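S.K.: Protein chains in written order, with my numbering: chain Z, 1 to 263; chain A, 1 to 263; chain U, 1 to 263; chain E, 1 to 263; chain P, 1 to 263; chain X, 1 to 263.
Bear in mind the hints are in silico, worked out from the structure with no lab data behind them. Keep in mind it's a predicted model, so treat the numbers as computed, not measured. Hints are not guaranteed to be accurate.
Copies of the same chain are indistinguishable here, so a pair counts whether it falls within one copy or spans any two.
[As the list claims (entries may be wrong)] Here are the simulated SDA-like pairs of lysine to any residue, each with C-alpha atoms no more than 25 Å apart in a straight line: (1) K226 / T117; (2) K231 / E17; (3) K41 / K231; (4) K41 / N148.
Protein chains: 6
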Amino acid sequence: MTRILWINPMGTAEFDEPISRELRSESAAFIDVASFERGPKHLDYNAFEMLVAPTLLSTIRWAEQEGYDAAVVGCFYDPALRAAREIVDDLVITAPAEASLHLAATLGEKISILVGTEKNIPEMHENVVKYGFLNRLASFRPVGIAVNDYQRDPSYTEGRLMEEAQRAIEEDGADVIVLGCTAQFGFYRRAQERLGIPVIDSAVAALLYAEYLTSLRNGQGWRTTKRVGYKGPDLSEMNATIPVTAPVVLLDPRKNAKTNACS
Amino acid sequence: MTRILWINPMGTAEFDEPISRELRSESAAFIDVASFERGPKHLDYNAFEMLVAPTLLSTIRWAEQEGYDAAVVGCFYDPALRAAREIVDDLVITAPAEASLHLAATLGEKISILVGTEKNIPEMHENVVKYGFLNRLASFRPVGIAVNDYQRDPSYTEGRLMEEAQRAIEEDGADVIVLGCTAQFGFYRRAQERLGIPVIDSAVAALLYAEYLTSLRNGQGWRTTKRVGYKGPDLSEMNATIPVTAPVVLLDPRKNAKTNACS
Amino acid sequence: MTRILWINPMGTAEFDEPISRELRSESAAFIDVASFERGPKHLDYNAFEMLVAPTLLSTIRWAEQEGYDAAVVGCFYDPALRAAREIVDDLVITAPAEASLHLAATLGEKISILVGTEKNIPEMHENVVKYGFLNRLASFRPVGIAVNDYQRDPSYTEGRLMEEAQRAIEEDGADVIVLGCTAQFGFYRRAQERLGIPVIDSAVAALLYAEYLTSLRNGQGWRTTKRVGYKGPDLSEMNATIPVTAPVVLLDPRKNAKTNACS
Amino acid sequence: MTRILWINPMGTAEFDEPISRELRSESAAFIDVASFERGPKHLDYNAFEMLVAPTLLSTIRWAEQEGYDAAVVGCFYDPALRAAREIVDDLVITAPAEASLHLAATLGEKISILVGTEKNIPEMHENVVKYGFLNRLASFRPVGIAVNDYQRDPSYTEGRLMEEAQRAIEEDGADVIVLGCTAQFGFYRRAQERLGIPVIDSAVAALLYAEYLTSLRNGQGWRTTKRVGYKGPDLSEMNATIPVTAPVVLLDPRKNAKTNACS
Amino acid sequence: MTRILWINPMGTAEFDEPISRELRSESAAFIDVASFERGPKHLDYNAFEMLVAPTLLSTIRWAEQEGYDAAVVGCFYDPALRAAREIVDDLVITAPAEASLHLAATLGEKISILVGTEKNIPEMHENVVKYGFLNRLASFRPVGIAVNDYQRDPSYTEGRLMEEAQRAIEEDGADVIVLGCTAQFGFYRRAQERLGIPVIDSAVAALLYAEYLTSLRNGQGWRTTKRVGYKGPDLSEMNATIPVTAPVVLLDPRKNAKTNACS
Amino acid sequence: MTRILWINPMGTAEFDEPISRELRSESAAFIDVASFERGPKHLDYNAFEMLVAPTLLSTIRWAEQEGYDAAVVGCFYDPALRAAREIVDDLVITAPAEASLHLAATLGEKISILVGTEKNIPEMHENVVKYGFLNRLASFRPVGIAVNDYQRDPSYTEGRLMEEAQRAIEEDGADVIVLGCTAQFGFYRRAQERLGIPVIDSAVAALLYAEYLTSLRNGQGWRTTKRVGYKGPDLSEMNATIPVTAPVVLLDPRKNAKTNACS
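Kindly generate the complete structure, drawing on both the sequences and the hints.
M.R.: Pasting the structure below:
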């Protein structure tokens, strides 16, 4: 059974439990959820991505040592994705924007991304360009909700997401919606049912892309290349600079139960 | 258990048995392999893609009626991919270039695609641009082997693939190789072991992408959007124009065996 | 005198007579109009382009054997353009989007394309990118008329075309309009007179581009290259796969009259 | 009969006679050839394009007053093309790079442009980008011949053109060649016969594109838009700034002969 | 002390005095302001850029002979920039669009350019693409004021600039504003104070970029390359074609005063 | 007098003294050089950029509190540039790739970047795309020297830089060279003298761009926008997450001497 470490790359465990419930309801893999003891409570700023990066890398190394199959960096900015790939040997790494944009470009033609605020757009736009999907981008649409407030008043959040998704369809010609923040969890099923087009929860997409990449690694030997851009430091240099440290972890309670099952 | 119809979109069953062995060795899904009674024996020309298109669409409709989860259009030109998505309701559709390029762009930075001859490049280049991966393209490299000759002298084929892959790494800076013809099957494992970077067999990649998309459809309801570009004809118009016809099919012998297993 | 075969690539002769009148009023060439005995009545779906493709190719071969100078594939999606060029030796081939976009980019700076519905946009957008005119695209604007309804109520059609063209000028900065469906014939002259900017009927543009390319072929020997992307099957392979079959043809009555004239 | 003014935009009449012979051998139109009394003897530098621009514009205005149908700015940099279009009312204007690149992109997939020296490339590359054909560009290849030396030793010139064209085909994958200097006249027919792919003489292409655009203007009313980018000064402002002045003109001797003919 | 020649490339000295005051209030360099005795009074048309080009080049050569450090071509179309760089040996050359766009792309993420009328956009858009900043462009916004009217009613001009800048921020997501006409001088300080984001006066930006480039030339030897695209004619060819002629010049009165100072 | 903090973003002071000498020889500004007490000794890996990011941000905040005018992040990957801009109020921030590419695109047409190894290219290529200069890129050329070895054997380093620069000019058409690693200091003057084209030392370019941006901030109020992408956390959030901490600093000895001078 695939073992995945979902990393909430923030100095708060507040979202670990709700997102673990959400993710485990979407997958049969063992999903442990990690967060950090210290650091910012959200990553709305690129500066905060930078602050958590060392802890994130230490967690990545820990995950590889612990024998996880994959680790997901749980933020739609895809923080430190290149760095994470440099320092692993065999661990699968992915992140929400990468996973959901590749998927959206397969399912539809014109992608609209719902984001928190206008502030989020330039860095995400850079990522859309970097991943190659600029010609598929219908629009970014801010919903005007701060990252830590999505779950405060779910019905308000749902209303705003629906409003902007509708506008994306009618005004921007979107035929697939991406929820451009991992904190927008819990909304996609009802939204897609009502809108009649795919609504991609980027957290769920990243989890399932990690499982897919894991199965390709195990079955076909297709893993992150270790040449050129993803070439990383050798072990001694890595040990000298990136300590292996355990994050706060919420273990998947299903693990014992499952291991007896036929699989 | 996922049921996939692999379509060799050609008027020959010659490759059905070897590719079925290859594919079934890579996946536990039930994989039936279809080909057509009539039509060209290869798709090296865009004209031949056009010739097989109606039969291909009839096969796609048949696959959906038969209850397959997914159908793969087995040619690296990804023939009739948009058309196929228009006419299905729920069937997953994918194809080798789409599947392997999305994967290659996740695993590496610079992709080199090994093709048969220079003739193949312009249409494939158009697809690379269309899918968004131009900035990731290191090179196309022709191996100078006709599509139906790859399996004639496997050791010659392997030699040529290795030669061009080596050049792609050294001269073009490639860190991931894509085998840009589904007839280049049976070579990727040894090649990637010797080269030390991922070598993506585009047929295998398409099969496994189909399984992945199927699991997302079943689990998350993420399916091809039916709006905008993939909006298709209504049922009566479809029935009037696209007959549902069975192709030549090579059934997966594992099916009965498996259905008794715990799954 | 140049002999052109205009192909309405559909299983209906309904438009042959009106479009033949329209086209012959625009050109002194001999213009025969072909359609197919069977097949969909319109090509609004990419799937329908695929359905007619084999008949289209057989018609192309027939046209070359009959000694036509050029054949025009009469649909703004430019269906099977690459395939058609592969299978001819000397016959000139063109299509409406190619012809009208090259022209529009010469006459103006910002092109707005009036299309039937939102459904048409993604495939046409792909073509705009493929032909190289993305930086010249001001907008696509759907008029909300189905392809077979343009000629039902011409004054309504004209009203809608004028409305969207006006918006394209005022809101999108367009300085040249392309009628992005060959069924929008009969409107361009009045529209351009009233709007004061070029309004390109894409059917007429394709016809005249075919004549131009023919004159270059005859005079300068400039013809479709037969290398690389347009390299096609050899004759025996072609004969084995693409029968030469006559379409339904509406002959140009001017032919006999003209042949006696001084030319 | 169409009347075209070919403008050698240089202060020398040295090339008027040879190019007039070349052009008249390619077209039945009346072709007068103009050059300037003063100014640089070639336009290898952008500075020299700027120097001749006022005289060029005065010549354009003169051409319109004299009733020419079209004027061609005879240099592959396409100097002052936007300016020329601003100041005319009805006169067709085109230039070699525009004309030959649109044509090359229709006839082939990958264009190689043979230029004089490396110096020419950046400005021409800008034009390739501006016209939209970057994805079609196989290569620029300098032949190492100064612009005024192409006709000195024709067999040497022919040798160099053939050499670089061969390399473009073999090393760059080109399937269409553009002669990227109007002074490379007289070579294209033999070159294309020997190479087996289209070799576009950009001077001839511009002449014939001018005839084509003229016929569209006369027949369909499709002319340079006078809005947005091509909007020009009003007549009084134009008269105050751009004198109408006759260039040195070499008249087409065929004019009288032809006017009696049946046409 | 750096000596800069600001060139108002027009046949009027009307703006020399006001712009000299404006520029001198922004810089301690010696700034002489030149204009031409003849020629159009504004450069709203590309044709007018062409008309002034020879005089501009003669002025550039004069500036180099007079020992200026830098010359600025004072129009947001950046007329004749490549030509000017070809003909100088050591003189620094820059222009408003180049200078302000490089700066804007450093200070912000999304640039909105306020222009006079819709007419200005296509040529400026070409320049944005040429300079590489298309992905940073939020919008062009015309204020509807003719180039020679900006200073007529400054409070009206200011109102219009503020209106469109506000819309650029709110509707287009701009976070930096560029005043896309050198005649929009005198407004940027109040505008940026009120808007709270950088408002770049493109004339001032060009002046200061010229000083910066001069200091790099003097200190580091970094000067315009004289190879490839900026390679120019040799001296004898230049003397034969581009006379060195003095423009109308408004000298900087600060020069004598300053030369006694400690610097 | 401008006060600049040059940050060697690494856990070694080894390069502080040599680079301070180099930088101070290029500028009259006060230049203090900082490095970190801990952390990797080079930033060849993206992972190492991430490791130093928090210390870098703390240093940036310290620099603003200490009253520096500008801080330069001294690595050609431009690490944490967006983050640094988010957290400052008024401090100017720049970095070598940004500074040298903007400059190179002004001085020349085709830029070749000399890098250490092939490993460096993908991330730097992403930056070239992000900054907008892809169309200006002639090539990346690795010299095969590890980042900490450039100063070990300067004559070998110089030899390799010259070799690859020569190839860039002859084979890639480069007309300006960028030294794509700040550790390649001390070589540019001799190289550019011998090559005859600009050779931009990216460290020096960043220093001088910082001075230029400072003078614009002071004189014109043009500073990093604090809206949209560069909007940062408020002060209390910043204080809670990013401690203000002093780096290791090598002070500029010229400071006392200079302050008595006339300036």
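S.K.: Which hint numbers doesn't this structure obey?
M.R.: 2
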